[in-house]
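Chain by chain, the residues run as shown.
There are 2 protein chains.
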Amino acid sequence: MAIFNEPFALANKEVAGYKIYGFPYSTNTWRVLAVLHEKGLSYYPITVNLRTGEQKTPSFLSINPFGQVPVLLDGHLKLTESRAISLYIEKVHSSRGTKLLNHKDYKKMGTETMWMYIESFKFDPPATILTLELAIKPMTGLKTDYKVVNETEPQLEKVLDIYEEQLKKSRFLAGNRFTLADLFHLPNIEYLMNTTTKRLFEKRPNVHRWVTKIMARPAWKKACDPNAWYDK
Amino acid sequence: MAIFNEPFALANKEVAGYKIYGFPYSTNTWRVLAVLHEKGLSYYPITVNLRTGEQKTPSFLSINPFGQVPVLLDGHLKLTESRAISLYIEKVHSSRGTKLLNHKDYKKMGTETMWMYIESFKFDPPATILTLELAIKPMTGLKTDYKVVNETEPQLEKVLDIYEEQLKKSRFLAGNRFTLADLFHLPNIEYLMNTTTKRLFEKRPNVHRWVTKIMARPAWKKACDPNAWYDK
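Protein chains in written order, with full-length UniProt numbering: chain C, 1 to 232; chain L, 1 to 232.
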C-alpha cells in the first residue's frame, strides 16, 4: 500500500509512462484509468486526497486551478478534463490495445463523437447528481436529498428511453463496437448500479444488456478497483 | 425571406452542401454555422421554430429524439450535438478555410481538446443559465429570476478568473491561434455581452481583449445574424 503524501515532490520524479493525479473513488479518475487499461499502458498514480480537500490546497491549485482530478502529465504536457485526457491517450496510441475510436472513417468517428457529447450533455448531468446523492453522500456520511433524487430520476429516464431505442439497433451506442462513447458512461453507471437507481437501467432490456456488457470488461474492473490503485 | 414550414419534406430534397436543422436565435445552431462560415462551406438551413415548440413535435422527434437543434444531415449521416457536428466538419474539411484544430501535433490537439471540454463542463453550465435568464427570457416575455442570476454569476466569475490567467499567457485559450476551443464559447458570449453580465467579461482585461477579438470574426458575424439565415 502506498498512499502518497507528497504528490508534488513525486510529480518531479522521472518515471516510465504517464503520471496521473487522481483519487481511487473518483469517477473522473476511473474514466482515464479505464482508457489506460484498455490500451495496456502503464501509469504512475499520484493520490490527491479528495476526502481531506487536498484538491483545493494552493499546491494542487497550481497544478489545476479548477481544483479537480484527474490531471495527466506527459512530459511537459499537462491535461485536465477526463474526456480530453481519454481522447488524447486514444489518439496517441490509436494502434495499441483496444481500438476505442474510428480514426479513419470520418462518418463513423462523427457518430462516435456525437455519442460522446450525448454522454456529456444528456447523461452526465442527471447521472452525476444521482451518483452524488445516492452513492457519494452516504459513503461520506452526508444525507441524501430525496427531493433532488425524485426530480432527477425522470430526467435520467428520458435519456435511457432514447438509449433503449438506440441499443435495439446496435450492440453499443455508436455501432457494434465498444468505443469511448460507451466507456465515458461507465464511472457513473458503476456507482448507480449499487443504488436504487439501478432499476431504471434494469427495466430497459437493451440498456441492461449494454450495462452488463460494458461493466464486465477486464479493463474496467481494474480501473475502478481501489486496491489496484494502491498496488501500483 | 424563407421560413420553411415543411422541413421534413425539404429534408428529402437533394441539395448542395450540408442540411442544417436549426433556429436563427439558437446558440447551439450559431456554433455550427460559425464553423461552416470559417470553413467557407455552403449549407442549406431548415428552420425548426423553437418559439412554437416545433422541436417537440413527433415529426421532429423522429429526427432528433432529444428534441433539440441543430441537426446536421450529410447524405445518410445524421448528427446532433453542436460540438460533435463542429468537430466532424473540421475533421472532414481540415485543409479548407480557417484551420480550427491541430490535426498533426497530438500535444497541441490535446491542449485544444482540453479547452473544448473546459468550455463544456466549466463555462457552459453557468453561461447557459445566465443566457436563459438575462437574454432569452426577456426576449420571449418571461420574467428573469434574479435569485438564480445572483447565484450563478459568482460561478462564472471563478471560471473567468482562470481564463484571465490563461489569456495573460496566450492570445487564445489553447495557444496563439483561434481554434474550436475559442469558437465554442461564442454563442453564449454573444448573448451575455448584451446583458448586465457583460461587466464580468469587461473587468478582466485579457478576457475582454479575447472576447472583442473572437466576436469580431467575419464568420461569427454571419453565423449569429438572423437576417443572413433567412437570406439563404
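Keep in mind the hints are simulated off the structure, nothing from the lab.
Glycine residues also receive a C-beta, built at the ideal position from the N, C-alpha and C atoms.
Each hint should be verified, as a subset may be incorrect.
[To be verified] Here are the computed lysine-lysine pairs in the DSS-like style, where the Cα-Cα straight-line distance is at most 27 Å:
| # | chain 1 | residue 1 | chain 2 | residue 2 |
| --- | --- | --- | --- | --- |
| 1 | L | Lys-143 | C | Lys-104 |
| 2 | L | Lys-39 | C | Lys-108 |
| 3 | C | Lys-108 | C | Lys-198 |
[Unchecked claim] Covered, in the sense of this in silico footprint (three residues per stretch, anywhere, with C-beta under 8 Å from a C-beta of chain C), are these stretches of chain L:
| # | region |
| --- | --- |
| 4 | 87-97 |
| 5 | 111-122 |
| 6 | 193-207 |
Now the hints, each set against the structure:
1. L:Lys-143 to C:Lys-104: violated, 49 Å
2. L:Lys-39 to C:Lys-108: holds, 21 Å
3. C:Lys-108 to C:Lys-198: violated, 31 Å
4. 87-97: Check passed, 4 qualifying residues.
5. 111-122: holds (count 9)
6. 193-207: Coverage by chain C is violated for the region 193-207 of chain L (0 residues, Cβ < 8 Å).
Of the numbered hints listed earlier, those contradicted by the structure are 1, 3, 6.
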